[in-house]
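If you read the sequences in order, they're chains H and Y. Count along the first sequence starting at 1, add 47, and that's the number in my numbering. At position 47 of the second sequence the residue is numbered 42 (my numbering), and the sequence of numbers has no breaks.
Possibly wrong hints are sitting among the right ones.
List of simulated lysine-lysine pairs, DSS-like, C-alpha gap at most 27 Å [claimed, not checked]:
id, chain 1, residue 1, chain 2, residue 2
1, Y, Lys363, Y, Lys266
2, H, Lys92, Y, Lys295
3, Y, Lys103, Y, Lys266
4, Y, Lys266, Y, Lys295
5, H, Lys149, Y, Lys295
6, Y, Lys103, Y, Lys265
7, Y, Lys295, H, Lys81
8, Y, Lys73, Y, Lys171
9, Y, Lys295, Y, Lys171
Keep in mind the hints are simulated off the structure, nothing from the lab.
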Amino acid sequence: MAELNELKYTAEHEWILIEGDIATVGITAYAAEKLGDIVFVELPKVGSTLAEGTVVGEIESTKSVGELFAPVNGTVVEANDAVSDSPELVNSDPFGAGWLVKVKFTELPEFLDLAAYTALTGE
Amino acid sequence: MTDAPDPRQSPLHDVHAAAGASFTDFAGWLMPVRYSSDLAEHHAVRTSAGIFDISHMAEIVVEGPDAAAYLDFALAGKLSAVAIGQAKYSLLLDTSGGIIDDLVVYRKGDDSFFVVANAGNRAPVAEALEHRAGEFDVTVVDQSDEISLIAVQGPRSREIVAATAGISGVELDSLKYYWSTSGTFNGLPLMVGRTGYTGEDGFELYIQADAAADLWAALTAAGEPFGLVPAGLASRDTLRLEAGMPLYGHELGLDTLPVQAGLGRVVNLKKDGDFVGRQASETGAPEGARVLVGLVSDGKRAGRAGYAVFDGDTEVGTITSGALSPTLGYPIAMAYVDPALNAPGTELAIDVRGSRVAASVVSLPFYKREA
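Put together the whole structure using the sequences plus the hints.
Spelled out as structure tokens, the structure:
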């Protein structure tokens, strides 16, 4: 698990870890807690092309449905099968074992840093 | 930012905050939605017990020589036939037969009844009950602000309430489902109903608001060895859904007739005299009026309130409540569908955010505890 201040964030409550040309994407602990117990995760398939800002997956709790937005333009190189089998990982370890997809990108949009994201959630 | 007024807080708010609750605005009240895990809270109620703060519910006291006759006129059921100590599920209808609220009414004495309404309907219920009092010799007093309500639900709930320090004078072993008993807690009046909204055995405890925190603490302490956990509104919703119990604003509303919601038995057309909604209820639902059914699906993707239901390419209904059932492990939903499609086994489909998920009609409830 990366340090929270090494991650980038979006206003859609996703975190992004940049390593070379690969972005690992998950949802923040704040988002996971707001959703409640996550019971179903649908992720984009490996090889699919993502357009920044579009809905590419779903994160469902008992109470509600959250959407996964593509934070970058790119190609999915890996989807976390572990969370498909055990969606509760997103609650128990949102910044670690609960990651969702890895995306190969060519350029990055502007993200929030930890301070800006924390200001956004007010927590 | 919204212009909505700040939500009200339960007398138990600080207790919940200290227990780590997340809160949600429900019917103008800031209530616990979960403490840690809504799934764990749900399972605790099915296997041991959970304690819920439902102090947002409204309580209205009806007293006077005409109380029974008045309620026979004001409500859909025959409250005059209810024994002292007994409780009855009833409906408050408007003149067109629509549902203003669903209620639980306890008979406390020959001339004394206790009406429990949904928080979100407190004002219209109080207004209708007041208005319908008319020439009857009754007093109708809204005591919602003075009374708190705590529910203990689950297979261990009887042992827990029985073991709670400070509670005396209540005989639980002989208390039947939908009956109540009155005793004391720390010397203060306490009413205990064997009622609930979870599909499990359970009790609802009515106490004056300024003693609610002490009662909560006593119940929690007594429940600890039995696995009692505090449970929020998220689990309350999945529990009642599994039990096939309607929720006002979802399955019930002003544009819903009781017969559509499967509540025709609650409207007593055989009782003497007129009652509000009688004429419309005798006329019945118009041809083709949709009816409430249960739907089950395979997989994990649940239909949610507002999702459309299809028979082939034809839209035939709408989901009113739905979730992946924590107890059963598959998606369940309640939906209003065309009446020709209400037979168990009928194969339909739910539009889940653009993709069709097959669903079968089943009879309610989805979950029934073993007797």
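Hints, verified against the model:
With a C-alpha separation of about 31 Å, the suggested pair lysine 363(Y) and lysine 266(Y) falls outside the 27 Å cut-off, and the hint is violated. Taking the CA atoms of lysine 92(H) and lysine 295(Y), the gap is near 18 Å; set against the 27 Å cutoff, the hint holds. Distance hint between lysine 103(Y) and lysine 266(Y) is fulfilled; the C-alpha atoms sit about 21 Å from each other, no more than 27 Å. Proximity of lysine 266(Y) to lysine 295(Y) is assessed by CA-CA distance (about 46 Å); at most 27 Å being required, the pair is judged violated.
Proposed proximity of lysine 149(H) and lysine 295(Y) is supported: the alpha carbons are some 24 Å apart, at most 27 Å. Under the criterion of a C-alpha separation no larger than 27 Å, the hint pairing lysine 103(Y) with lysine 265(Y) is consistent with the structure, at around 24 Å. A hinted pair counts as satisfied when its Cα atoms are at most 27 Å apart, and lysine 295(Y) with lysine 81(H) qualifies at roughly 20 Å. Between lysine 73(Y) and lysine 171(Y) the alpha-carbon distance is near 20 Å, which keeps this suggested pair within the 27 Å criterion.
Between lysine 295(Y) and lysine 171(Y) the CA atoms are separated by roughly 37 Å; this puts the pair beyond 27 Å, and the hint is violated.
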